[in-house]
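These protein sequence lines are chains R, H and B, in that order.
Under the numbering used here, the residues of the first sequence are numbered 1 to 318, in order.
Under the numbering used here, the residues of the second sequence are numbered 1 to 282, in order.
Under the numbering used here, the residues of the third sequence are numbered 1 to 325, in order.
In case anyone wonders, no lab produced these hints; they're calculated from the structure.
Accuracy of the hints is not assured; some may be wrong.
Here are the in silico distance ranges between beta carbons for each label pair [said to hold, decoys possible]:
1. Ser-129/R - Met-185/H: 26 to 34 angstroms
2. Ser-282/B - Thr-182/R: 23 to 31 angstroms
3. Asp-142/R - Phe-28/B: 39 to 47 angstroms
4. Gly-87/B - Ile-118/H: 44 to 52 angstroms
5. Glu-15/H - Arg-67/R: 33 to 41 angstroms
6. Ala-163/H - Phe-28/B: 55 to 63 angstroms
Examples of chain B residues lying across from chain R (beta carbon under 8 angstroms, computed) [as the list claims (entries may be wrong)]:
7. Asp-86
8. Ser-90
9. Pro-92
10. Leu-224
11. Asp-227
12. Arg-256
13. Arg-281
Covered by chain B, per the in silico footprint, the following chain H stretches (three or more residues, Cβ under 8 angstroms) [claimed, not checked]:
14. 27-40
15. 188-202
Only a predicted model underlies this, so the values are computations on that prediction, with no experimental measurement involved.
All C-beta atoms in this analysis are idealised placements derived from N, C-alpha and C, irrespective of residue type, glycine included.
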Amino acid sequence: MPLLSVEGLSVEFRTRDGIVKALDRVGFEIRRGETVGVVGESGSGKSVTAFSIMRILDPAARITGGRAVFDGLDLLSATEREIEGRRGRHLSMIFQNPRTALNPIRQVGRQIGDVLLRHAGVSRGAVRSRAVELLAQVQIPDPERRYWAYPFELSGGMCQRVMIALALACGPSLLLADEPTTGLDVTTQAAIMDLIDDLARARRMATLLITHDLGLAALHCERIVVMHAGHVVESAPTAALFANPRHPYTAKLIAATPKPGVSLDELAAIPGGLPDLRGALPACRYSPRCERYAPFCDEPLPLLVPASGHTVACWKPL
Amino acid sequence: MTAAALRHARYVVTENPITLVAFSMLVTLLFLALVGPALAPYDPLKSDTANTLKPPSARHWFGTDQLGRDMLSRVMVATRLDMAIAFLSVALSFAVGSLAGACAGVFGGWTERIVSRISDTIMAFPLFVLAMGIVAALGNSVFNVILATAIINLPFYTRMARAEANVRREAGYVEAARLSGNSTMRTLAVHIYPNCLPPMMVQASLNLGWAMLNAAGLAFIGLGVRPPTPEWGILVAEGASFILSGEWWIALFPGLALMLAVFCFNLMGDGLRDLIDPRRRT
Amino acid sequence: MDTLLEVASVSKRFPVTVKGAARGSEHFLQAVDDVSFSIGRGECVGLVGESGCGKSTLVKLITRLLDTSDGRIWFDGQDIGTVPADGFASVPQRALIQMVFQDPTDSLNPRFTAFDTIADPIRRLGGIRGSRNVSERVLALGDMVGLPRELLGRYPHQLSGGQKQRVGIARAVALEPRLLVLDEPTSALDVSVQAVILKLLDDLRRRLGMSYLFVSHDLNVVRLLADRVLVMYLGRIVERGPVSLVFERPRHPYTRALLSCIPDPGGGAAGRRIRLSGEPRSPIDPDPKVCRFYGRCPDGHDRCAQEMPLLRPVGAEHLAACHLA
């Protein structure tokens, strides 16, 4: 039984220029303790997916279909009360740009304390020591003193550790990590990802890692879900995805990522740009950019059933 | 104005019903300011001793005052003076304040110190009292009212401009401008200053209302504009003494006009900012 | 090789106030410390380092947006360090040293159309008179960087990231500079667009005969374009040499740690990733006798805390600043 099973998730945004069909029948699943990566470029809808699951979408957004069953409860149709009971305690999230995700005028230790009081039912007396413990667990040096620090006094890496402490305070079974290391140095990135891996392993916590960095996903995820323009195009165990990408977009993405041994000429570019998500869209949103396009590609794609094997949403896979 | 700009203007005005209401009121006021004197049914200065203190009627929609002058005409004609004072003082304040503030924000050092100290000094006074003082010292004239109102509003603009310029000073495009050969002055004038303006438009609009109230307030206590020149503040002052004896219309209508004008300006604030901020243009 | 840019012992200090320090005491943040290197004509030199290493400050010093505290900078044989940054806009070398910025949104004036942005340097320093001539040049530049002509009338918020970056590149090459500093030009772009922009940059370099200083934290990208690379840490250059040598046989422990942390998109195992412990040393009033990397360095001897290691040769044109290299 998967911990989280997302099926047919569709989301629309109402904007002044029309309706943006941000997500179209997105589906995937995560099992307990598993780390799954959602990889895609900007505009692919990966953050929107996470925000939909957490039900923290912008008011202009509307979930027009689908289910996200987490531990028996469909998060998309649950009441606000039921969601509040899950958010923070069983299901939590860390964001990009940690400094802006923390309250700038409240000491970090206190922010952790707030979560503990609200969701973990820790008594007022025990809150401070528990918060300091958490700061130590995320390897912040001198946690006793850093309890009183404000976010602006900490480096980006440390702020991210604080956010991880906040997210993990109540021992959730699923962590959504939305580009947690973008903007951080590569050495800090490695340290933060190691921390998340270690903590996840120790607590048997599942992680949904959202990133545009294929290399990062390759290193830390057991399975990868590739998204393009609001569609899931491919889903596979990591090794299989890289050894044998079946969707043309996945193959192109891998070929476009700089790596040692590949020269500039060999680096692939993906022609065209993201389709305009307002207005009429073809059945396969990648088809305008695909060199393998054939007339039968205009047939509506089948719903990608979340499964553990290697699935691809393409009529002419590689 | 290009076609795109006009289209954008129309979009901004019609998107939000409040902006539309405010805009319509503004157009009406501007119209009255421009042609009010020609449209007024009676000569606002002509007294008619046979018709004093008459309540609103078909002949005199707003009634007449203690000298028999038609109130409707007086209110309409006063529009021009009040609008002129409001716009001119805010324009003056905005121009001088934003430039001084932007220079202070970009150059720092002594420029900033001087500008800040002057602003602080002005803000240390209760602003209306300061305006009174300036007009009393310089003499009663429309120009002095405009000057006084402009002076007391300076600090709002210098502060905002300074903060905006300070932030933008570090922006990539400012560095790029330097690399392109723009001198410091040119960078300030062409790149930094125009980008500081959009946030200040809201402030300017709110200021219009405040400037108008200020001028009316000064006139109410006998400074600045003097009777018999029709000006809403004076009209309210003249009517104030008649409220208790039951002639409510002499003070009410000018007061209402004043209120509606200020209300209109306040509503315009956001609309104006949307109008000139290119980021909102799609 | 014919040298275009020569940087000799350049340093930059910023005065700072330190909480709890004695009154009247002066404290300085050493952003760039005794940096020396050169760039040859037509060469692409990479500059790598993490946040706080001083590469942004070094870039500002080289492009003369900031004055040095110490050291000299020669460009094409002329000492440009002596001209103050404020007055550099009117010096002939201004047109010859240009920059492409990291954040395409922040580096374009929101009130200027793409056309105006590209035309600005031409109007200021291009020596071209007449709006039609300027127009012609802007159109030519737009074509050179692959920007469709109909986009020239748009404002930045109406352009995509890749398009904005092309505008930035067109602006930077408008004056045909000899040295182009590229400050993380693709890090804000999607990987699909990145490849196109990188190829464009490479192509432009050959076509216009420019030298590049390519600043990036992404070593995989630096590897693609650079001939030589400089590694910076806390204001000092800790290693420099040909790209292949430095990346395959790094001699400084920091370079080794940096290289080991790069995720491999091939999906292969990470190999032994060197984890760096602790926080970097403070750049404020650093001790000139202690190696900046001491404390975080996985190797470390007493000598490292008594004598600052200087760059010394460890291979063909390959230098590292480490006692243990």
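Against the structure, the hints come out as follows:
Under the hint 26 to 34 angstroms, the C-beta atoms of Ser-129/R and Met-185/H, about 59 angstroms apart, miss the expected range. For Ser-282/B and Thr-182/R, the hinted distance range of 23 to 31 angstroms is satisfied, since their beta carbons lie about 26 angstroms from each other. Asp-142/R and Phe-28/B have their C-beta atoms about 25 angstroms apart, which leaves the hinted 39 to 47 angstroms range violated. A hinted range of 44 to 52 angstroms for the beta carbons of Gly-87/B and Ile-118/H is inconsistent with their spacing of about 30 angstroms.
About 36 angstroms separates the C-beta atoms of Glu-15/H and Arg-67/R, a value consistent with the hinted range of 33 to 41 angstroms. Range check, Ala-163/H to Phe-28/B: about 28 angstroms between beta-carbon atoms, so the 55 to 63 angstroms window is missed. With 8 angstroms as the threshold, the beta carbon of Asp-86/B stays out of range of chain R, its nearest partner Cβ sitting at about 31 angstroms, so the hint is violated. The beta carbon of Ser-90/B comes no nearer than 37 angstroms to any beta carbon in chain R, farther than 8 angstroms, and the hint placing it at the interface is violated.
Annotation: interface hint on Pro-92/B violated; nearest CB of chain R at approximately 33 angstroms, more than 8 angstroms. Because the smallest distance between the Cβ of Leu-224/B and any Cβ of chain R comes to about 5 angstroms, under 8 angstroms, the interface hint for this residue holds. Interface hint at Asp-227/B: violated, since its Cβ lies 12 angstroms from the closest Cβ of chain R, which is beyond the 8 angstroms cut-off. Checking Arg-256/B against chain R: minimum C-beta separation of about 11 angstroms lies over 8 angstroms; hint violated.
Here the hint on Arg-281/B is broken, as its CB sits about 13 angstroms from the closest CB of chain R, past 8 angstroms. Requiring three or more residues with a Cβ within less than 8 angstroms of a Cβ of chain B, the coverage given for the segment 27-40 of chain H is violated, as only 0 such residues are present. Only residues whose C-beta sits within less than 8 angstroms of a C-beta in chain B count toward coverage, and the segment 188-202 of chain H has 3 of them, enough to reach three; the restraint holds.
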